[in-house]
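Asks: For the sequence shown, our numbering gives the first residue as 6, with consecutive numbering after it.
Worth double-checking, as some hints may not be accurate.
For lysine-lysine, the following DSS-like pairs were computed, each having C-alpha atoms within a straight-line distance of at most 25 angstroms [unchecked claim]:
| no. | residue 1 | residue 2 |
| --- | --- | --- |
| 1 | Lys153 | Lys168 |
| 2 | Lys29 | Lys55 |
| 3 | Lys153 | Lys86 |
| 4 | Lys165 | Lys153 |
| 5 | Lys141 | Lys86 |
No lab work stands behind these hints: they were computed from the structure. Keep in mind that this is a model prediction, so the values were computed, not measured.
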Amino acid sequence: MFNLTRIAQKHNQDENNYSTKTSKKLSWVFALSFPLIFLLLYGGDYLTSKKKERVLIKSAESIIHDNLDRLNKMANYFFTKEWVAETGNTLYLFSRTDKNFPRISVIVKDSITDYKVFLGFDAYEGYNWKYNDTVKPVKKTFIFEITKQDRDYLNTVFDKNSKEVRFS
Numbered sequence: 006m007f008n009l010t011r012i013a014q015k016h017n018q019d020e021n022n023y024s025t026k027t028s029k030k031l032s033w034v035f036a037l038s039f040p041l042i043f044l045l046l047y048g049g050d051y052l053t054s055k056k057k058e059r060v061l062i063k064s065a066e067s068i069i070h071d072n073l074d075r076l077n078k079m080a081n082y083f084f085t086k087e088w089v090a091e092t093g094n095t096l097y098l099f100s101r102t103d104k105n106f107p108r109i110s111v112i113v114k115d116s117i118t119d120y121k122v123f124l125g126f127d128a129y130e131g132y133n134w135k136y137n138d139t140v141k142p143v144k145k146t147f148i149f150e151i152t153k154q155d156r157d158y159l160n161t162v163f164d165k166n167s168k169e170v171r172f173s
């Protein structure tokens, strides 16, 4: 009788050791799966953003190539209601022409009472201005709100004619 009890206890301990080893292995596999999932997600996000950057740059190059005369008019910036309306209409056409370019803005460096600012014009703000509208546009309504990092980048573009492409 004593022998049978010993055999039964030995058999129960073997099962516990096996299940402990299996649960430890599963715990390690589960714990190591998180860094792997993180790397896969991060890598996928990186590749997707690079693809979007390439598509966006190709779309912009296509729009520039096909519309040089309109872009030259926009580059000849004077803050008038005619310029704002024409720029808004042109940007509206550009944003509707290319599916990969849904929102496009023109950013110019200007000043308001000797305070240097960046003004941003997009299709929807400028599109509402009409040539025969009696209300004149006000510069402060077009101030382009940006971070210091963006402001530094735009200053190098406008002041030093930098051609560096920035995508975020």
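Asks: All hints, please: hold or fail.
Replies: Hint check results:
For the suggested pair Lys153 and Lys168, the alpha carbons sit about 19 angstroms apart, so the restraint of at most 25 angstroms is met. Of the pairs offered as hints, the one joining Lys29 and Lys55 is violated, with about 40 angstroms between alpha carbons and a cut-off of 25 angstroms exceeded. The suggested pairing of Lys153 with Lys86 is violated, with an alpha-carbon distance near 29 angstroms, which exceeds 25 angstroms. For the hint pairing Lys165 with Lys153, the CA-to-CA distance comes to about 17 angstroms; that is within 25 angstroms, so the pair holds.
With a CA separation close to 6 angstroms, the supplied pair Lys141 and Lys86 stays within the 25 angstroms bound.
Of the hints listed earlier, those the structure fails to meet are numbers 2 and 3, in rising order.
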